[in-house]
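**Q** Using the sequences plus the hints, can you model the full thing?
The sequence shown begins at 75 in the working numbering and counts up by one.
What the hints contain is simulated information worked out from the structure, not anything from laboratory work. Virtual Cβ for every residue (Gly too), placed ideally from N, Cα, C. Hints may be right or wrong, so weigh each one.
[Claimed, not checked] If you anchor each label on the Cβ, the simulated ranges turn out as follows: (1) Leu250 <-> Pro545: 24 to 32 Å; (2) Pro173 <-> Thr152: 17 to 25 Å; (3) Glu518 <-> Ala472: 30 to 38 Å; (4) Gln258 <-> Trp460: 37 to 45 Å.
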Amino acid sequence: DVFYSQMLGFLFAILPLAVRKIIAERPKVWHYGLKLLYIVVGYPMAGFYALLGIIFLLIQLLFLPGLKSKTRLVFISTGLVLLLSVPWIYSFFYTNINPVFLYAYGLPVDDFYGSDSMYLPLLSAWLSFGVFLVFLSKPLKELKTLAFSGLFALLLLSMAAVWTFTNKDKNFETQLAIENAISQDDWDKVLRLAKANKEDPDRILVMYRNLALWKNKSLCQTMFRYPQGDAPLQTTNKFVNQTRIAAQTLTLYYGMVNYCYRWNMENAVSFGFSVHNLKYMLRASILNREEALAQKYAHVLSKTLFYKQWARDELYYLNNPRKMREHPVYADILALRGFNNSFAADLEVMESAVHEHFMSLNPNSLSLMEWKMSSILTTRAVHLFWNAFFKYLDSNWALPLHVQEAALMIGHVEERDMPKVLQHFEPAVVNRYQEFTRAMGSFEHLAQADQARLLKKGYGNTTWYYFYYTPRFRTN
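**A** Here's what the structure looks like:
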């Protein structure tokens, strides 16, 4: 991937040399325009390599015969001014630009905790090759066909090698697509993406999917109909974990607003502020009624090109808090805030801390009860099940499918007097559980792995299969 991206960058850097050849006989204003247009359009696209292209032009001008000294000086001076000023100007428009890397974006720099190395040999090779091409090209003549043919052949070879040998992380691709859908509040798309992913999901994908199910009011009805898993994140960087990646998003939708603010701030300190962080911190500030803080983040977002209107729309709810209950995002968050909004756990291991949080509550709303029951089922916290179960009955809430399944299984194992509550169950669920127990009994002479394989097709989407045949998952 490093080789491929740097090759593309290098091609972009030599582009102005080819264009300058075409306009060689044009008036001087064309050449000034080339420099200006190339760096203004090119820097957001290619970063360092747009700057390198300007350097190539300046090097070529130094050795261009027949050019007056005054003209040469003006060309080089304006080029250097553009080289230094354009990245600095862009830093005011792009909130995710780290000033430390202002002139290095696009280079193979590992900008994360514990690694500050740059692939200097690779960079030196590209620069040397670039300087070679500059001098290989005769002034006011066409660029050597052979040089460009070799370069494009190398590009095609590198693309083929990258496609063949690079790691293809489908979970990561799905995660990015889901996060984009979440940013658009498209929860149906989140579920479609989750269902389309055929890989063993990691816990981030499971949490995103369960959030979408809750938003669609079907969490405890359908959560086990989707694949369960805990595939490891494909990274050797120990600083990257599910908390760093997902806490900044999920905690807001869980109603854990202070945690949302905390993790967005931590990521901003570690990696630099981004629009993503600023949007969540603005919403957290609005929910906490911190007007000065909300105004601050809205002001920063108003300086961006694409989010200024979004920030203005959000401030409406700061000034009209009662309208928040009509907003699809704020309304659901407010429904989950029936608890003390303070720090109770470190949340370094995010998923287990979230389950502990929801299981510790005594919900008076169905919204919170869905999260509590899903946490009980996910963690197999049987000792908490019956209190939550009877809360459903006492509140006249319909029993979701997976709650019925869990009650039948736990009641059977504990030899409880179930006829008293069977009237609240769907007959089809009761009949299916009886079929499951008979099937499990007929396979009891087999190893558990063989039982799981044989029972998965008929019962893999049930609470029973999850409890008996799904291993306990790593939560971070």
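**Q** Could you tell me whether the CB distance from Leu250 to Pro545 stays inside 24 to 32 Å?
**A** This hint holds: roughly 27 Å between Cβ atoms.
**Q** Per the hint of 37 to 45 Å, is the separation of the Cβ atoms of Gln258 and Trp460 within bounds?
**A** holds (40 Å)
**Q** Taking 30 to 38 Å as the stated bounds, is the beta-carbon spacing between Glu518 and Ala472 within them?
**A** holds (34 Å)
**Q** For Pro173 and Thr152, compare the CB-CB distance with the range 17 to 25 Å and indicate the outcome.
**A** holds (24 Å)
Violated hints for the displayed structure: none, as all numbered hints are satisfied.
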